[in-house]
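Asker: First to last, the protein sequences are chains A, B, C and D.
Quick note: the first sequence uses this note's numbering, first residue 1, plus one each step.
Quick note: the second sequence uses this note's numbering, first residue 1, plus one each step.
Quick note: the third sequence uses this note's numbering, first residue 1, plus one each step.
Quick note: the fourth sequence uses this note's numbering, first residue 1, plus one each step.
Hints in this document: simulated from the structure, not taken from any laboratory.
A hint or two may mislead.
What the hints assert, rightly or not - Distance windows between CB atoms, simulated:
#1 B/ALA87 - A/GLY48: 42 to 48 Å
#2 B/THR105 - A/PHE54: 26 to 32 Å
#3 A/GLY119 - D/GLN15: 25 to 31 Å
#4 B/ALA13 - C/ARG133: 26 to 32 Å
#5 A/VAL132 - C/LYS70: 52 to 58 Å
#6 D/GLN15 - B/GLU126: 40 to 46 Å
#7 C/LYS123 - B/ALA124: 30 to 36 Å
#8 D/GLU57 - C/GLU57: 51 to 57 Å
As the list claims (entries may be wrong) - Not everything, but these chain D residues come out facing chain A in the computed CB check (under 7 Å):
#9 GLN17
#10 GLY19
#11 GLY25
#12 ARG34
#13 GLU38
#14 TRP44
#15 ALA52
#16 PHE54
#17 THR58
#18 TRP60
#19 PHE75
Beta carbons: idealized from backbone N, C-alpha and C, even for Gly.
There are 4 protein chains.
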Amino acid sequence: MFSDTLSDGFRYARQVQFGETDMAGIVHFSWMYRYMEEAEHALWRAAGMHIARFGEETSWPRLSASFDFKNPLYFEDEFEVVVKIDAVSRRTIRYACTIVRGDTTIGTGVMTTVHVRKGPPLKAIEIPEEIVRKLTEASQK
Amino acid sequence: MFSDTLSDGFRYARQVQFGETDMAGIVHFSWMYRYMEEAEHALWRAAGMHIARFGEETSWPRLSASFDFKNPLYFEDEFEVVVKIDAVSRRTIRYACTIVRGDTTIGTGVMTTVHVRKGPPLKAIEIPEEIVRKLTEASQK
Amino acid sequence: MFSDTLSDGFRYARQVQFGETDMAGIVHFSWMYRYMEEAEHALWRAAGMHIARFGEETSWPRLSASFDFKNPLYFEDEFEVVVKIDAVSRRTIRYACTIVRGDTTIGTGVMTTVHVRKGPPLKAIEIPEEIVRKLTEASQK
Amino acid sequence: MFSDTLSDGFRYARQVQFGETDMAGIVHFSWMYRYMEEAEHALWRAAGMHIARFGEETSWPRLSASFDFKNPLYFEDEFEVVVKIDAVSRRTIRYACTIVRGDTTIGTGVMTTVHVRKGPPLKAIEIPEEIVRKLTEASQK
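The following block holds chain A by itself, in its conformation from the complex:
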């Protein structure tokens, strides 16, 4: 594993949709994980790649995902997910994310994904070096 502390991070802009709120009047907490994933996939596209293709034999399931909530998001809030390549091993990529609305930090999260051959059962496989290089470059712009 190496830490990629130099990366500025890739920025993904988004606006809160009505169906993402709950009866407490704020965004339901489960959406933060979806926002992080949307940013991850946008980073792949910015790197000229696609994390999934219809009918493909490989996939990138989660090993873990966590989020610390600092401030709530409200309907129509415009926010950004800043996603960095946080660490890499032979078969896994760890992304570190910060969600911000202007100067306000909404929260921070970490997701670790593993490269697998689809199952059942899923089988972890090596990550081509080129993928890590492209993602790191795209997240430093």
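Given chain A's structure and the hints, the job is docking chains B, C and D onto it.
Answerer: Okay, now just chains B, C and D, sitting in the frame of chain A:
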């Protein structure tokens, strides 16, 4: 904080719905957080309480939520969420969850919630002692 | 097409989860379509069948789905979806649904599904007679 | 009611997210209703208004929503929702939507919303004339 290692945990049974799967053929990872929340709220009901009421002034947003994924869930899988009161402070409750399908562990997660007066802004408030007592009792059955 | 007006309908019981509500304090309207689908799939199981299997070559996408909303659903409401086989053609099945909470009608909906070979592109195929017979029987209990 | 056949419609651009697909490899049908709603709310913003505000006393629940599915959407597909003001009554607005991906029609839908004072119970109220005028103008650009 105290750890409640004696609790067997409250068991919440559930079946995977089609709309919870994704194109990788397995349950989308964001659903694990919803499954944990469903179990938490079922525990509240088992304790004779309701975590939310229409028009109420207080709420229980997340401070943090994490999940470690061990095995995937598939469409129509029957599984259980075992939820325990893991730790309690004056204003927070931490739940520890294990999701199992028969003898297979799907994953383990932790959620910390804080008692607040609804905002904006949200303001943390004390948890009535009775709530903790009832939840602990209901999760030991 | 024939109308199956004699069918009492298959009853699927459900409780509203917190993550299904929105900031208006009621269940987000998009969930009614998911509730109808859950009931449809429970009917298939009651008929001893599974509407989908991992890796299968055929599928049942929607041709149309509509819902008329009479009364809102709230958090923790217990409700039932009553689903009937409403009409059948060589390649399609139409389900008629009523969602009720006790004596209150939440709304009524209709979904038409088509049997296809997965694509791309999707290709409509004939429905085995046995499937219709089993579903009709299971929805008359 | 009057039909607004002259309106070109307001165009809302969107890309399919991974979490919106299901195990059949296509966008889960329930998302079409959310896409229509996102377009409706974007139209309100284009008209200089907001369909909902935190803590507001009024709301716009659905009376009905239907969708006819012509072609499936896949992960990362870029598509547009074209939304028109289709009909207006004293307390309701009907939107007609077409979802397109390039030259391919994904489907067409209709949503009728009613202006209400929040409950329980919900109570239908008149729509200010200015709202209809602004929406009609914004959807003709």
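Asker: Decide, hint by hint, whether the structure agrees.
Answerer: Checked hints:
The given range of 42 to 48 Å is respected by B/ALA87 and A/GLY48, whose C-beta atoms sit roughly 45 Å from each other. One distance hint, 26 to 32 Å for the beta-carbon pair B/THR105 and A/PHE54, holds here, with the actual separation near 31 Å. Roughly 28 Å separates the CB atoms of A/GLY119 and D/GLN15, a value that falls within the hinted 25 to 31 Å. Distance hint for B/ALA13 and C/ARG133: a CB-CB separation of about 31 Å, consistent with the stated range 26 to 32 Å.
At about 54 Å, the CB distance of A/VAL132 to C/LYS70 agrees with the hint of 52 to 58 Å. Distance hint check for D/GLN15 and B/GLU126: the Cβ-Cβ separation is about 45 Å, which falls inside the suggested range of 40 to 46 Å. Separated by about 57 Å at the C-beta atoms, C/LYS123 and B/ALA124 break the suggested range of 30 to 36 Å. D/GLU57 and C/GLU57 have their C-beta atoms about 52 Å apart, which keeps the hinted 51 to 57 Å range intact.
A cut of 7 Å between beta carbons decides the hint on D/GLN17: the least distance to chain A is about 5 Å, and the hint holds. Hint status for D/GLY19: holds, given a least beta-carbon distance of 5 Å to chain A, under 7 Å. This hint holds: D/GLY25 has a C-beta 5 Å from the nearest C-beta of chain A, less than the 7 Å allowed. The interface hint given for D/ARG34 is met, as the beta carbon of that residue sits about 5 Å from the closest beta carbon of chain A, less than 7 Å.
Taking 7 Å as the C-beta contact cut-off toward chain A, the hint placing D/GLU38 at the interface holds, the least distance being around 5 Å. Nearest Cβ of chain A to the Cβ of D/TRP44: about 10 Å, over the 7 Å cut. The hint is violated. Interface hint status for D/ALA52: upheld, as the beta-carbon distance to the closest one in chain A is roughly 6 Å, under 7 Å. Taking 7 Å as the C-beta cut-off, the interface hint given for D/PHE54 holds, the closest approach to chain A being about 5 Å.
Contact between D/THR58 and chain A, as hinted, is not supported at the beta carbon level, the nearest pair being about 14 Å apart and thus beyond 7 Å. Taking 7 Å as the C-beta cut-off, the interface hint given for D/TRP60 is violated, the closest approach to chain A being about 10 Å. The closest approach between the C-beta of D/PHE75 and any C-beta of chain A is roughly 6 Å, which is under the 7 Å cut-off, so the hint is satisfied.
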